[in-house]
Structure formats: C-alpha cells, structure tokens
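Q: Chains A and B, in that order, are what the protein sequence lines are. Numbering-wise (this note's numbering), the first sequence opens with residue 2 and increments by one. Numbering-wise (this note's numbering), the second sequence opens with residue 12 and increments by one.
The hints are simulated quantities; they were obtained by calculation from the structure and are not laboratory data. Not one of these hints is a red herring.
Computed beta-carbon distance windows for the label pairs:
id	chain 1	residue 1	chain 2	residue 2	range
1	A	V77	B	K150	26 to 34 Å
2	B	D153	A	P167	18 to 26 Å
3	B	K150	A	A257	43 to 51 Å
Each computed DSBU-like pair below joins lysine-lysine, with the alpha-carbon atoms no more than 30 Å apart:
id	chain 1	residue 1	chain 2	residue 2
4	A	K57	B	K251
5	A	K232	A	K411
6	B	K174	A	K160
7	A	K57	B	K124
8	B	K142	A	K160
9	A	K232	A	K246
10	B	K186	A	K356
11	B	K150	A	K160
12	A	K416	A	K232
13	B	K186	A	K57
14	B	K124	B	K186
15	A	K272	B	K150
If you're wondering where the values come from, they're calculated on a predicted model, not measured in any experiment. Ideal Cβ positions, reconstructed from N, Cα and C, are used throughout, including at glycine.
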Amino acid sequence: MSTAVDAPGSNFRLGMLIYDTRYRSLTIQVVFLALLIAFFVWLVDNTIHNLSLKGKDFDFGFLFVRAGYDINQTLVEYTNDSTHGRALVVGLLNTLFLAFLCCVLATIIGLIAGVLRLSKNWIVSRLMAIYIETVRNVPVVLWIVLVNAIMSISMPEPKEFRGENPSASMILFDSVAVTNRGVYLPEPLFEHGMGSLQLGYFSVSLNLLAILAVIIGSVWGYRRIQASATKVQHVTGVRPVTWWKSVLIITVPIVALKFALGFHLGYPELKGFNFNGGLQARNSLIAMWIALSVYSATYIAENVRAGVMAISRGQTEAALALGLRSGLALRLVVLPQALRLIVPPLISQYLSITKNTSLAIAVGYMDLRSTLGGITMNQTGREMESMLLLMGIYLTISLIISALMNVYNKSIALKER
Amino acid sequence: MKKSVLFGTMAAAAVVAGAAGAGTLEDVIARGELNCGSNAGLAGFSAPDANGVYQGFDVAFCRAIAAAVLGDPMKVKVIPLSSETRFTALAAGEVDMLARTSTWTYSRDNDLKLDFVGVNYYDGQGFMVKKSLGVSSAKELDGATVCIQTGTTTELNLADYFKSNGMTYEPVPLKDNAEAEQQYTAGACDVYTTDASGLAATRATFADASEHVLLPEIISKEPLALVVRHGDNQWADIVKWTFNALLTAEELGITSTNVDEMAAAPGVNPEINRLLGTEGELGAMMGLSKDWAVKAIKAGGNYGEIFEANIGASTSIGLARGLNALWTQGGLQYSPPFR
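Next comes chain B alone, as it looks inside the complex:
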C-alpha cells in the first residue's frame, strides 16, 4: 500500500514536471482543451447556467481564446478558483490563463511572476449597504462591520481607506463571494465591499435588489486583467492579441454577425483585412491559423457585444460602459494597431 502511494506520487510529480516544461500553446493544442481559471459563481462574469455550462463576461474571453487557438469556443474547461488559490493554480500550471476579475498590481506582476496581458474591465472598489441603514457616504462608516473577501487587494485597500480617514472598522473575512453574500444578507455585517462590478453583479441576484445601494465612493483603481504565467511570451502574446482583436473588432464595426461576410473576401479597409487574415500573415506570427481573429470574434462577438450580452445595461447586472467604453467614445479601452 505504502509503495503504490509512493509510486503514484512519483508518477504524478513526473507528469507535473513534464507539463511545466513545454510551451503553453503546444500543451493546449495537445490537450485539445483550454484550461481557464475563473470565478466559481459571480453572476454576469462567470457562473454556470441552467445546463451547468459556465457563462459570463470573463468566460467569454476564455471562449474567444479557445476559438482562436483550437477553432472551437466550447473547448474550454472553466476551472472555478477562489481568490486565495487562483495565482497558485496558475503558477502550478493547473490552468493556462486566468479570466477571474484579478487586479493588476505591481507586486503581483513582479513578485508573483505573473503577466497581466489585457485589462478586460476597469473597475474600482466600492461599498454596498442596505438602504435602511441610512448611510449615503463611505465617510459615515466609522465603526461599521465590513464583509470582505479574504486574500484580495480589496482587503488592503479597505485597511488603507479607513486608516487614512481616521475611522475604525471590524473586518469579517470570508472566503468567497457566495459566503460574503450570505453573511451580508443575514446582516452579520453592515457593509459589503469588493469591486464595484462585483457588487452590482451580487446585488442583481438579490430578490430585494432595490433595498441595497452602492455608495458613491470608489476607493481604488482595480484594473481587472487577463493573467498568464511569466516567461511564456508566445502564449502571453496570443492572449493579449486575441483580446486586442476583440477591441479592434468593436472599433472597426466587426460583429459576430457580419464577420463571416467581411472575412469572405478582402474589403477596402486594409486593417480589417489584416485582422481577419484576408491580407498578410498576422496569425502565423503567433503560431496560429490565418483566420484566428475571425474565430475569436465569432465565439461571442466583439468586446462591446460581450459586454452588452453579459453585464451591460440590458442585463440584470446593468453596468454602464463608463471607463470601459472604447477610447473613441471617452473610455479607456484602447488596442494597439494591427500592423
């Protein structure tokens, strides 16, 4: 018995060691599936639908990348990760990339040896309280009990914010959004704090959503980004430029419905031609097929379509584009040129 366990461990260790060695792109192609780390359940961003298939804003980027690399947006294995385990899972090779509302920070980028390749949502940390509490500003929260997801940047921002405003608070650390939601609705804390988008998503799932308000203060910058491991530049480029392709598609008016038509023959706009592979060899430069961007756009549409379908004003989450509008419309989403 002891021996068989030992050999099992050896075999497993050998497999892991082997996997870490090769390039991520080759691994994904050999596996025929993209392992994408995301939230276990955050409405609008990543949550299983009625059929148990993960859907949402973050998952849509996983699908676009799977489509670009493997040609099929459904060849994604969404691996739900807690905020505590996500980076370890990525570093250990358990997932190929993270699309899990992860904030891009200096120390994560450098000390954790990660690469943040594209900010898919510009966010900031906010506060949600019950209307009945009668609080209209975060400055009135002195002495409040605050529910918070442990192991996140929000934990540090919160400490800094209350300290710099000379206020005290009582933290209730919780391990994920579901736990926090339960404690907040039970009234075990006065305030729930996390990224404003997450608050909106959580509030949308409440039966009495109108009884809860988001306070106006946004106390931090939270650029939520797609993350890959440090050191595999080819894979980082694939994730980065697939994301950029979706932004450029919105800028150029390419949608999931007209992409086939536009890709059928070279048109008058050379940038569209280059992006859709009817001119030049942009795909081959990254080790992908000519029509990688076409497949990526067909998966869930361009950036704007993905936003509107999952978290936009027409959904129950109801987030405005705000900072996430294209740069041409006063937002921050800006893709380098495809040239």
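So that you can see chain A by itself, here it is in the shape it has in the complex:
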C-alpha cells in the first residue's frame, strides 16, 4: 500500500495523465473545462468584434431617452413622454401582474382538477382526464390566440350597447360590461382620498397603503384573539367564546375606513367610441390569463394527483380507523404529507408560468417582452442590450420566485425531531 501512495510523488510521468485511470477522468474534465471557457471567450470576443465591425457600441443610454410610444395598460403613471426605462418598468409590472393572476388561478383550477381526477365518480374522473390530456397536449400559444379570437369575435362591440333598444346590455346590475375590447368593471373611488406619496420615480396611493395597513392590523388582531383563547383553553380546558370579537375586529376597522375615505364605485359608462370610467380588463389580458391558467393548471393537476397517490393507502385507512371522517382524513393526514411532494414541482410550474407570460406579444399584451424586447428594441435598434437586459430580468424574477417557494417548501417539509 505505501508504495502505491508514494508512487505519484516519486516517479510521476506526464503520460500517466492519460493512461493512469487515477488521473484520466480528472484530465478529461480539465481539458473539457478549458475548451468550454475558450469557446465562451471566443463567443464574446466574436460578438464584440462583429458589433464594432458594424460600428455599433454597447450602451444602455437608450433607457434614459424619451420613448415616444403609448402603452395601453399601465399600472404606474406613464405617457409617451416617459423614458424607455420607465416603459421597461411598466412592462415589468404588467408581466408580474399577469404572472401573479395566472399562478393564483392555475393553482385553484389545478387543485380542483387534480382532486377530481382521483374521484371515484367515473364520469367526473374521465372528464378531468380529457381536460388534462387535450389542453396540455396543444401548444399554449394556440390556446392564447384562440381565447383572444373568441373574445374579439363573439363578444358585442361597445356600440351595440347604445340606443333605445340595445342588442347588448351590461350584466350584474348594470355594473359590468363585457365587450369585444375587454371587460369593463366598476372601479373603487374615494371621495376624500389622501392623495399619493412620491417615492423617487413612482407615486404610491396612500389610500391603498391605508387599506393594506388596516387589513394587516385586523388579521394581526384576529390572531391575537385566537392565541389568547387557546391559552385560556390550555389553562382552564374551556375555550372562551370569541366569534363576536373576531367579527368585530375584522369588519369594524375596514368599514370605518371605507366611510372615512368616502369609498364608492365608479361604474363604466358608454361615452363616444368606448366605455369610460371603471376598470378595463383588456382582451389581451383576459386571453393571456385564462389560456395560460387553464393550460398550466393541467400540469399542476397532475402534480396534485401524483402527490396524493404517493401517500400510501395505509395512511388513509389508519386515519379512518381512528374515527376521522374522510374529509378530515384528507385535510389532516393525507394533504400535509402530499404537499411535501406537490410543492417542489409546483415551483417549477410557477416559474414556467412566469416565463410563458412572454408569449403575450401574440395578442399584444404589453408585457416586458412587448415593451423592452419589442417596441423599445425596435425603435432604438439596441438588440444586444435589450435582449441581455430582458434575460437578466427574467432570470432575476425566476430566482426570486424559486427562493420564496423554497422557503415555503422548507416550512411544510417533514420536520424530523
């Protein structure tokens, strides 16, 4: 043994790097790594060389130049006098808004479809199987275009709401108008609002902040009440009646705030070419939201099904044997265990939903890809800069989502004590 250990030091020859099995794999890895690095160096060098050959430089200065184009859906203030950088932010917020809506709806649909597919009812489980298999085996961009086409062709035009005997009418007590340009909803308005707070580039509505603060406060109060009730229960064995306190702490502050701010709804009204007032959920948003959610939900449904099926039958049987009803058995025994299996693939579904929002260009939803990677790139001709920025932003979003979901995953993971 000792001679074998001494060997490399005393009589190491260069040929051993290839012929000696102890070093061969290391040699191959080092050579491959060197080639890979050389390739990327060449790639970057070639790009820089070719750019300079075309007389193009690498400069992000265009972000501070007037954009000159309009964006229809803006979550923060934006006009065509704003800069390309601000258009980027508008697009980014639109992307995040859409991704959030899609993740929520996809999770709800996916959960329901996944559980229903496990149903003992033959028709229900078959129907869910058909939904999942047909929807997920067609490219999502086709679903997006289809929903958009249905919205724009089959819904009434705004002018059909006009006149003595309109051929279309608003629904839900004349508060919602479904048109082929989108859905117009009532908007929350405040008679004596508190204005807004200027935070550098952006203004934040103080009304919104007040509402959020009150809701968080109410929830915190509610949990305090519950916690103290549990404490009393632990000590005395009797849980005090708390429901009226809970109701009060949840409702009173928000109602009080509502009156304080003079809250009322602004209804959409037909004026000129279009409905004015109210919130407009444009066709492009609705098409993206519905199509992407319904599509991604099929994958989530399969994750849910896999998670539930992975829990051994014995767990359910044991729970039932202890006298738990089947609903309780599912909620208290099966789901907590299944969640550990469902959440990791769910993370990757959320990531792919976020990335798939970049298909928005197909229906003209003004997301990051359409503003920065579309109009801005086209008007300024800064392809390299725009694309690198775009990739960097999507990468950052994905890493953040991934990190957040991993924290959640840790919190529900099996605690080994």
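Chain A is already provided as a structure; the job is to place chain B on it using the hints.
A: Positioned in the frame of chain A, the structure of chain B alone reads:
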C-alpha cells in the same frame, strides 16, 4: 448530447461569422440565390399567389435585382419578416436586402446602421374606419380604440398626432397586418392605422370593401425604401442603380416588351444605349454584366409597369400614381442620370 449541441452551435456560429465577412455580391453569386426580406402577406406588395410563389410590388424589385445580378428573376428566396424582426434579420445577414415597406428615417439610417438606397413608394400614414362609424376626419377620433402594428414608425406618429391635437386614444398593439385586419374587422378597434398604401391593400381584400373609408388626413411622410446593410457600398450601389434603371427605363419608354428589340443594336439615344449596355461599360463599374439593366427590365418591366401590374388603378388595390409618378409627370420619382 450536450457536446453535439455545443459543436453544432460552434459550427453555426463559425458559418455566420464567415458569411458576415465577405461582400454581399460575392455571397449572392456563390449562393446562386438572392435572399430578399419582405412582407409575409400584404396584398399587392408581397403575398404568395395560388402556387405559393411570392408576388407583388416589393417582390418585383427583388426579382429585378436578382435578374441583374444572377440573370434569372426567379432566383429569389423571399423571406417573410415581421416589422419587429426585419432590421435584425438584415443586420444579421439573414437577408441580403429588404423590400418590405420600410420607412426611411434618420435614426434607422444612422443608429441601426442601415442604408436606404431607393424610395420605391412615397407613402404617408392614414386611417381606415368603418363607414357606419360616421367619422369623416381623423380629428373626430378622440377616445377611439386604434389598431396598430407594433414596432413601426406608425406607432410613434400616432402618439405624436393625438398628442398634438389634444386627443386621447387607446392603442391595441398587434404584431402584423393579418392580426390587425382580424381585430379591425371583428370591431375590436374603431380605427386601423398604417401606411395609406397598406390600408388600401388591406381594404382590397375585404368582402365589403365599400363599407370602409380611408380618412383624408395623412399624418406623416413615409418614404418606403429598399434597404441594405451599412458598409457594403458595392452592394448598396447595385440595389440603388438597379432601382434607378427601372425608373429611367420608364422615363425613356423602355418596357419589358420592347427592351430586347432596343438592346439588340445601338439606337439613336445615347442614354438608352448606355443603360442597355450597347455603349460603354456601365455594368462592369458595379461588377455586373453588360446587359444587367436589360435583364432587370425584362424581369417585371419598368417602374411604371411594376406599379400598374401590382397596385395600380386597374388592380383591386387601385392606388393612383400620385407622388409616385415620374418627376416629368408631377411626381417625385426621379433617377440620377446614367452617365
């Protein structure tokens, strides 16, 4: 697997790097085909016919240039490009030239490193609305929903026009003409705006064309030009002068039918002789054959013939010559002399 993908990428990158280096003329001759970027489907300008072969006003210029360079007008590969991808495709060498209703602007010329070599159609941005809307002027469009092709100059003109007239609008950005047409006919927007020629071409494809009107306001100058990459002057000259040859041919009365006859022997007009190569060596100066202009004119006729055959008054597009008449007839089309 990983390795083969990697090597594939390397090989592809090497090919692209090689292609960008050489002159465009040599590339086209070596390839035996001209890669011409155009519209995917804009009736009259560039659209596939019943046999799937691209035809139209813009495509005719591609064919003329292919004829001048390669001797065969059919040696053209028309590559359909969206308004968003066209300049990138040209800059990357995917196409040798663009004949794709592209507006010549300062920043495109300088910042995008392109060369606009010949204005084949003088256009302006217009508005199309349904007659039933009862609108007779663009000034009445306050609050309207406007369909627009994203990534075009029209997007910026529109913003400027509504701003300067103190009006508001709701943009519906769409990625190409087909998408815009679908949304406009479905009534998802009140107005469709793009180059007036494009509006006329689009309207011609409607079953109820008479139900739609073009508003009188033309809100911008849109010189639609043939485009090549910055830096290859020889190729830019070939495209520029082939276009000029077609204009000069119309001015001198040379058509696709009489060009053979006129090129057979030197005639009395020295400019015709120089253009058709029966006198002097104009073709060789650009690295082309003596009869390059003859081949170009034979491909689809002179400028006037191309206009009339594809978008003229006798076609369903029905555009008048207007600004695009020769300078001798009150228009703007003017070729420098062949001397």
